[in-house]
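Student: Residue numbers (our numbering), protein chains in the order written: chain A, 1 to 239; chain B, 1001 to 1321.
Just so you know, the hints here were simulated from the structure itself, not pulled from any lab data. Note that the structure is predicted; figures quoted are calculated from it, not measured. Please note that a few of the clues may not be correct.
As the list claims (entries may be wrong) - Pairwise CB distance ranges (calculated):
1) A:Asn65 x B:Arg1313: 38 to 44 Å
2) B:Ala1271 x A:Arg71: 56 to 62 Å
3) A:Gly204 x B:Arg1313: 47 to 53 Å
4) A:Arg67 x B:Leu1195: 26 to 32 Å
5) A:Arg71 x B:Arg1069: 50 to 56 Å
6) A:Val64 x B:Asp1288: 45 to 51 Å
7) B:Glu1225 x A:Val64: 23 to 29 Å
8) B:Ser1028 x A:His15: 41 to 47 Å
9) A:Lys132 x B:Arg1039: 52 to 58 Å
The beta carbon of each residue, even a glycine, is placed where N, CA and C say it ideally should be.
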Amino acid sequence: MIRIEDVTKLYPGGHDALRGLTLRVDTGEMVFVTGHSGAGKSTLLKLIALIERPTSGRVIVDGVNTRNITRRRIPAYRRQIGMVFQDHKLLYDRPVFDNVALPLVIAGIGHREAARKVRAALDQVSLLNKEKQFPETLSSGEQQRVGIARAIVSRPKLLIADEPTGNLDPDLSLEVMRIFRRFNEVGVTLLIASHDIALIDQLGCGRIALEKGALQIEQEEDVVSEYMERLEAEQEGGL
Amino acid sequence: MTDVRSSEALQPPQRTGRLSGWFVRHTSTAIAALGRIWRQPFASLMTILVIAVTLALPAAMHVVVKNARSISASWDNALDFSVYLKTNTSLEQTTRLADIISQRADIESVRLVSAEVALTEFREQSGFGEALDQLQVNPLPHTLVVRPAASNTEVSMGLLNEELGNLPEADFVQVDTEWVRRFHAILAILERAILMGATLLGIAILVIIGNTIRLEIQNRREEIEVTKLIGASNAFVRRPFLYSGFWYGLTGGLLALLLVYYGLYALADPASRLAGLYDSAFDFLALDIGESFLIIGCGVGLGLIGSWIAATRHMRRIEPR
């Protein structure tokens, strides 16, 4: 689903956020990206969402090299990816229903079909009874669930989340992670940036540890050996 | 239950459904834009008022010039020479002279105004009745009002003027052509000035609407960023602002029309009184339907163009970070 090949991202001013990063997330996987702040987690997600472009290297999402996606085609590309943010990025001037419906409105989906999809999405995050409320009247955990409902309402194959539990207490965090887990079980690929290692270990998912814009050393060996194994397996399968 | 419904969703969307969806989307965007204008009544009213006044100004000027043109058009046909005869000319001589002149091919008609008739008219219209009664003799001469044929050119009119003046009975000849021609020239200048002024005012409206939309974009910056982040195209983000511009233009145009009509209503009475004083059958011309629609159309057009320029310019700078 996602292939990052030797990607370097340099920000103006000489700060390099990613340095020759190579990694791969397969379809149907749920993978966490961990690391200290400044390790390049957010940059990685921004490259996938085409908020940023790599300085060098290739970012391939669902078989498409993002370099070939022109400015004009970015909106259509983003509509295929669900995005969850640490600060929710909800619109506070409209109720929950309208917030969740926004991706469908953007995609031009008819009112009745949209309403059905919005309710389905709200049901999945257990907020069906709050559709008429305004985000400000909800707790932080509920707001984050609204953000998640918005991310999945158009049923994307890939969902990326940047510190989705960053502002939540452990119980709420676990609840959010369970929701993600359920999406994963129905085939959604997830890439989640988080520094909450205890929580991730609890879930037992794949983990990519970043350090100063590259894979952590011990991790790199794991990834490489795993990658080699996978290649061998594929070759055997091919023969 | 949900399974049944989702299988419906898998069917290809019908064309009518898509069209009506498009219609519903635009309608709701338009209504939402109107709602935003409504929720800020004071600021919105200011913008609308400025647009209205800016549109009404050239429209009102246009009406004035249009009426002046229609009045002067009636003068064109009435470029009469008034030939005042010497006071010692008898009525009999005058009648004969009128006959002779009216025979000419370049003359359409000759009307004789005798000294007595002239005095009576003057007494009635001037209000000097009693003072005139004190006069022993009628000081007014007989007059021939000579209307040239329409076929006359400027040159032949000049010659005719000279010829009439050279008649032995003529005291002097009065023509109003010069004045009418100058008036026409002034009107032509005024018309062009209005056109130029209207163009400048149109640019002013673009700036006003552009600025209003720019403020609106700034206020909704976060919303634009979020919608772009989840896949909104520039066209989608621009649409509500275009509708804002549309509403500003439309309401501004309608208010401008109202202002002009009110102004005309207030002027109609004194204008017809003035026309009465000149004894002319003058119809006060208001804006016709085409012109009314043109004003509204200008408002809407400028609203759309202004908001499009502003939205396109400022939206490009708002990209998610």
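Student: Next, verify each hint and record whether it holds.
Tutor: Evaluated hints:
1. Judged by the Cβ atoms, the range 38 to 44 Å given for Asn65 of chain A and Arg1313 of chain B is violated: they are separated by roughly 31 Å.
2. Hint check: Ala1271 of chain B to Arg71 of chain A, Cβ distance near 60 Å, so the stated range 56 to 62 Å holds.
3. Judged by the Cβ atoms, the range 47 to 53 Å given for Gly204 of chain A and Arg1313 of chain B holds: they are separated by roughly 51 Å.
4. Restraint check, Arg67 of chain A to Leu1195 of chain B: a C-beta distance of roughly 53 Å breaks the suggested window 26 to 32 Å.
5. Remark: the range hint 50 to 56 Å for Arg71 of chain A to Arg1069 of chain B is upheld by a beta-carbon distance near 54 Å.
6. With their beta carbons about 59 Å apart, Val64 of chain A and Asp1288 of chain B fall outside the hinted range of 45 to 51 Å.
7. For the pair Glu1225 of chain B and Val64 of chain A, the supplied restraint of 23 to 29 Å holds, since their beta-carbon distance comes to about 24 Å.
8. At roughly 44 Å, the beta-carbon separation of Ser1028 of chain B and His15 of chain A lies within the given 41 to 47 Å, and the hint holds.
9. The hinted window of 52 to 58 Å between Lys132 of chain A and Arg1039 of chain B is violated, with their beta carbons roughly 20 Å apart.
Violated hints, in rising order: 1, 4, 6 and 9; the structure is consistent with all others.
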